[in-house]
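K.L.:
Residues per chain, in single letters:
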Amino acid sequence: MELTEQEIGTCVTLAPVGKFNLVSAPPVKARIDALVAGGKVKIVVDLGGVDFIDSSGLGALIGGLKAARQHGGDVRIACAGEQVRAVLKLTNLDRILSPYPTVEEALHDW
Amino acid sequence: MTGDGAADKVYVLEGFAVPEQLDSVHALLAQAAADHPHLDPMDVMLFETAVIEIANNVVEHGRPEGEVRWKFTVRVHPGQIEAELDDTGQSFTFDDRRAMPDEDAEGGRGLALAEAVLDQIEFERMPDANHWRMVRRLGQHRQD
Chain D
1 MELTEQEIGT CVTLAPVGKF NLVSAPPVKA RIDALVAGGK VKIVVDLGGV DFIDSSGLGA
61 LIGGLKAARQ HGGDVRIACA GEQVRAVLKL TNLDRILSPY PTVEEALHDW
Chain F
1 MTGDGAADKV YVLEGFAVPE QLDSVHALLA QAAADHPHLD PMDVMLFETA VIEIANNVVE
61 HGRPEGEVRW KFTVRVHPGQ IEAELDDTGQ SFTFDDRRAM PDEDAEGGRG LALAEAVLDQ
121 IEFERMPDAN HWRMVRRLGQ HRQD
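In order, the protein sequence lines correspond to chains D and F.
Taking the working numbering, the leading residue of the first sequence gets 1, the next gets one more, and so forth.
Taking the working numbering, the leading residue of the second sequence gets 1, the next gets one more, and so forth.
Hints in this document: simulated from the structure, not taken from any laboratory.
Calculated lysine to aspartate or glutamate pairs in the DMTMM-like style (CA-CA distance at most 25 Å, straight line):
1. Lys40(D) / Glu103(F)
2. Lys71(F) / Glu115(F)
3. Lys89(D) / Glu115(F)
4. Lys71(F) / Asp43(F)
5. Lys29(D) / Asp102(F)
6. Lys19(D) / Asp35(F)
7. Lys66(D) / Glu60(F)
8. Lys19(D) / Glu60(F)
9. Lys29(D) / Glu20(F)
10. Lys89(D) / Glu82(F)
11. Lys89(D) / Asp119(F)
12. Lys19(D) / Glu14(F)
13. Lys29(D) / Glu103(F)
14. Lys19(D) / Glu82(F)
15. Lys19(D) / Glu103(F)
16. Lys89(D) / Glu105(D)
17. Lys19(D) / Glu82(D)
18. Lys19(D) / Asp104(F)
Whenever a hint applies, use it, and build me the whole structure from the sequences.
P.N.:
Printed below as a string of structure tokens:
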């Protein structure tokens, strides 16, 4: 899976592309952990390029969110497609990972 | 294939239950959806979510690792879409009606998610294989 990264001020955006699944979730989680360890704790995951997420992808986002919050930051998600939003709702994760419509809106108060 | 010809078509995938084969499972379901353009994309998407979660379960827990073979059979019926999965992995105890894990859990959602979007999920231990049957009724527009 392609994973592009961009620094915007003190924040970092990560944009995975393709299926966020059993195969691609571990490297995304590892990248979030590395960012947090390096002091980059405000992370926006741009899901605009993700056409499918499974429970492994959800686990990576939750793991990343917990790591970031432990260090005073957060993980926010943006541009989630229909399948991602449906799965977040079904798993009740929309309560702690509320999707922002755009990356700009996710970054607005950071 | 279009029209009436697609109605009875059976979509089959056989291979090893390894991570690299998950894309083929997606492709199988995409082919079934393409042949049945009347299907609601939401039905296809949620059914695909469930099938992939069951496939993930076999990939992650099937033993001996990397040697488990599987066979998917997908059928589109007038009122429902159905997939059967046979895998040669070890015996598995299927505990249905799983509760969705707490929000901060990093795992354990797969089967609960599959159950949430399926109308039927059946598991049977055969002499040398595990047999799964997954059904979603069409056109309910549920958000569960």
